[in-house]
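Here the protein sequences line up with chains A, B, C and D, keeping their order. Residues in the first sequence are numbered consecutively from 1, following the working numbering. Residues in the second sequence are numbered consecutively from 208, following the working numbering. Residues in the third sequence are numbered consecutively from 467, following the working numbering. Residues in the fourth sequence are numbered consecutively from 529, following the working numbering.
Hint data in this document are derived by calculation from the structure and do not stem from the laboratory. There may be inaccurate statements among the hints.
As the list claims (entries may be wrong) - Calculated pairs, DSS-like style, for lysine-lysine (alpha carbon to alpha carbon, straight line, at most 27 Å):
{"#": "1", "chain 1": "B", "residue 1": "Lys441", "chain 2": "C", "residue 2": "Lys513"}
{"#": "2", "chain 1": "C", "residue 1": "Lys507", "chain 2": "B", "residue 2": "Lys294"}
{"#": "3", "chain 1": "B", "residue 1": "Lys219", "chain 2": "C", "residue 2": "Lys509"}
What the hints assert, rightly or not - One side of the interface only, derived from the structure: several residues of chain B facing chain D at Cβ under 8 Å:
{"#": "4", "residue": "Phe347"}
{"#": "5", "residue": "Ile356"}
{"#": "6", "residue": "Asn358"}
{"#": "7", "residue": "Ala365"}
{"#": "8", "residue": "Val372"}
{"#": "9", "residue": "Leu374"}
{"#": "10", "residue": "Trp387"}
Claimed, not checked - Simulated DEER-style distance windows between Cβ atoms:
{"#": "11", "chain 1": "C", "residue 1": "Val498", "chain 2": "B", "residue 2": "Lys441", "range": "49 to 57 Å"}
{"#": "12", "chain 1": "A", "residue 1": "Pro200", "chain 2": "D", "residue 2": "Pro638", "range": "56 to 64 Å"}
{"#": "13", "chain 1": "A", "residue 1": "Asp66", "chain 2": "B", "residue 2": "Trp291", "range": "22 to 30 Å"}
{"#": "14", "chain 1": "C", "residue 1": "Phe472", "chain 2": "D", "residue 2": "Leu733", "range": "52 to 60 Å"}
{"#": "15", "chain 1": "D", "residue 1": "Tyr530", "chain 2": "B", "residue 2": "Trp291", "range": "29 to 37 Å"}
{"#": "16", "chain 1": "B", "residue 1": "Leu413", "chain 2": "D", "residue 2": "Ala578", "range": "46 to 54 Å"}
{"#": "17", "chain 1": "A", "residue 1": "Asn10", "chain 2": "D", "residue 2": "Leu542", "range": "54 to 62 Å"}
{"#": "18", "chain 1": "D", "residue 1": "Phe633", "chain 2": "A", "residue 2": "Asp129", "range": "24 to 32 Å"}
{"#": "19", "chain 1": "B", "residue 1": "Trp291", "chain 2": "D", "residue 2": "Gly569", "range": "36 to 44 Å"}
{"#": "20", "chain 1": "A", "residue 1": "Gln23", "chain 2": "D", "residue 2": "Leu542", "range": "43 to 51 Å"}
Source: prediction; values computed, not measured. A virtual CB, placed ideally from N, CA and C, is assigned to each residue, including glycine.
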Amino acid sequence: MPEVLLRAENLLFEYDDLLLFEQLNFSAQQGEVVYVEGPNGSGKTTLLKILCGLIEPTEGQIYWRDQRISSAHIDYRQNLLYQGHQAGIKSSLSARENLKWLLSLKGLRPGLDKIDEALALSGLMGFEDVPCGHLSAGQKRRVGLARIFISNEKIWILDEPFTAIDKKGVATLESTINQHAEQGGLVFITTHQSLNLTVPSQCITLD
Amino acid sequence: MWTWYHKLSSPKWFYQLSGQWLPWIACAAVLFLGTGLVMALAYAPADYQQGNSFRIMYIHVPSAILAQSCYMMMAVAGGIVLIWRIKLAEMVLKCIAPFGASITFLALVTGGIWGYPTWGTWWVWDARGTSMLILLFLYFGVIALQSAINNTSGAARACALLSLVGLVNIPIIKYSVEWWNTLHQPATFKLTEKPSMPMEMWLPLLIMVVAFYLVFTVVLIMRVRNEILEREYKTNWVRKLIDPSADRSIKSSVKNGGE
Amino acid sequence: MYFDSFEAFLAMGKHGVYVWSAYGLAIVLLSVNVIAPLLNKRKVVAKQQARLRREQQKRASN
Amino acid sequence: MYWYSIKSMISRELLIAVRYPAEVLNPLVFFLMVVTLFPLGISPEPQFLAQIAGPVIWIAALLAMMLSLDSLFKNDFDDGSLEQLLISPSPIVMLVLVKVITHWFTTVFPIILLAPLLAMMMQLPDEGYRALILTLLLGTPVISMIGGIGAALTVGLHRGGVLLSLIVLPLFIPILVFSASAIEAANMIMQYDGQLAMLAAMLVLALVTTPFATAFALKISINN
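Let the sequences and hints guide you as you build the complete structure.
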């Protein structure tokens, strides 16, 4: 029986008078991919940020392994990889330096060869030392992908990870997501692409 | 205890109770203000040194006191917003700031008007005046921050934090300004109260202070009530309240699954 | 009553201008603070009523 | 483990400052220019300049700091690093404090280094130098830390710059008062330990309280 990693209870979110969603309940378990779907402005990004604990829901609770994420936040954050529209890439730093910093936020300290390996996997071989400001938009996104490839977190929350990524990159990320789920991870994702998944998936639809 | 506390923080309960109390408080405010004005202007004796310009004190001192306690109340409301997330406190916080700023302005201007006939200058950099000016700046900061953030409860939380930071700083600012003042100015311009004020002099002052607090309460309640109507639109009781004629049609449409 | 005559009351010694302008300003500021929410209440109620009507129409047309 | 994230934060901030020297140099040039305006605008008379030298340098440093404070969290907010920072399992309060301190070190410390030169141009009496440097060293970190709260509160707003000055400038008054009077006392060859003690007390108070307020303010801002 796979373990339930993340559970949401009666989530409600209001921005001023605007009700984005209410009565949202779901539980997501190991080895699953959860699609968050809905039209623009339906609150997909907001929901993902709520799941991260960045935004607090107006009402409702989120549980990480049966503990509220607010009370178990250190353990939860240790197991959480979030990638928003902006992946946190500084343009004055090189890909290597950016990755090193992003990983250090989790206390991770992988060797340089591991970082370079992830960068090569995301197609940035030869660009390791170039300041990210000199990279194209797609290449910049790929630095974010490299962060995903190097991850050891249980839960991935990916907001439109395929934006500005070419076919080959999509395929690589797709197989990484499959692999992550097979190894007992959990992925939340918003995307307009249809993915070829080999693992069970569920769908949260916002309207 | 807890039910009382929850009731108190509910906008509906506040709206109903304040609706009952408002006329009485307003009456008391008018009564006190009227009596205070008559006593201050007509019955209090003139000061033997300053003459009749002394009567400005009956405006200046109450507004200066109220200006400071308004900031305190704002910061207390801010604390409640940040700790308990009570919507009513968010509204109170938002509604106090403009009144506080205007009363601080009043204290500053009446201070100037009082100063001119007494010392021959509209403005001196004395400790009290300067502190009051800085207090006005602090109010401006809160109001500017409030108006710059679109999200209502986000704005309230940001202002709550700012007013708490301001509250911590006010004693330090006051102390530093007083200290600065003793360095730069001989004590000639000091605005000290006479130690022995006769009863005819301090009674009107007391009445005026109470009157100012009452006016503040009336204004605050009215503003918060408007704010409730604005923000609690989604609740049924507000809908009924603003449109009693439509009462039945809402109910029936809800019953018929109109939503 | 401190003053002998109404003229003396208006003159306030030599300080009439100052005293009356200070009190005048106080009254004006306080009344503005009282009147503003009164006017605002009408505006808010009108706005919310319009909103309610809009929603009702929408519901009726559905 | 968390020690490593803090260390990494420091080296990252320093690296960014090195890569973007404009962020460091612009406030410095601004500082120089503002001080220059005073002799030109008021009077180049040495006696007079000597009297206002301390406060003028202090106010110019304050304004130069306001310029750079605006960008304290703004870049991180724009490129998403702030979100990553706020969901880090490392103590966020510490990370924020580290960020403010490195920002002070990269943008304000050069200003303090330049101050003696400007003091010389402003004819500050020899006795005043020590007081000027000491008050700057004790006072400017407090300004950075209080300003950090303001920068955090205004980080997502479009008109952030002016608003930031509006909400935090009044809070800097005590620091300015004590610093200016310490320099004045030094010029007159009087004791100024009291003023320094006040500044030090404010520094300690700011050090223990403001990081929490700043981290909290960042959470509020990211919710908007």
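Quick rundown of the hints versus the structure:
1. Lys441(B) <-> Lys513(C): The given pair, whose Cα atoms are some 14 Å apart, holds under the 27 Å limit.
2. Lys507(C) <-> Lys294(B): 19 Å, holds
3. Lys219(B) <-> Lys509(C): 20 Å, holds
4. Phe347: At about 6 Å, which falls below the 8 Å cut-off, the nearest Cβ of chain D leaves the hint on Phe347(B) intact, so it holds.
5. Ile356: Status holds, d = 6 Å.
6. Asn358: It holds, given that the least Cβ distance between Asn358(B) and chain D is near 5 Å, below 8 Å.
7. Ala365: At about 5 Å, which falls below the 8 Å cut-off, the nearest Cβ of chain D leaves the hint on Ala365(B) intact, so it holds.
8. Val372: 6 Å, holds
9. Leu374: 11 Å, violated
10. Trp387: 5 Å, holds
11. Val498(C) <-> Lys441(B): 49 to 57 Å: 31 Å, violated
12. Pro200(A) <-> Pro638(D): 56 to 64 Å: This hint holds: roughly 57 Å between Cβ atoms.
13. Asp66(A) <-> Trp291(B): 22 to 30 Å: Holds, since Asp66(A) and Trp291(B) (Cβ atoms, about 26 Å apart) stay within the stated range.
14. Phe472(C) <-> Leu733(D): 52 to 60 Å: Given about 58 Å between the Cβ atoms, the range holds.
15. Tyr530(D) <-> Trp291(B): 29 to 37 Å: Taking Cβ atoms as reference, Tyr530(D) and Trp291(B) lie about 31 Å apart, which means the hint holds.
16. Leu413(B) <-> Ala578(D): 46 to 54 Å: 51 Å, holds
17. Asn10(A) <-> Leu542(D): 54 to 62 Å: 46 Å Cβ-Cβ, so the 54 to 62 Å window is violated.
18. Phe633(D) <-> Asp129(A): 24 to 32 Å: Between Phe633(D) and Asp129(A), where Cβ atoms are some 26 Å apart, the hint holds.
19. Trp291(B) <-> Gly569(D): 36 to 44 Å: Given a distance of about 52 Å, which is not inside 36 to 44 Å, the answer is violated.
20. Gln23(A) <-> Leu542(D): 43 to 51 Å: The hint (43 to 51 Å, Cβ to Cβ) holds, given that Gln23(A) and Leu542(D) are roughly 49 Å apart.
Checked against the numbered hints above, the structure breaks hints 9, 11, 17, 19 and satisfies the rest.
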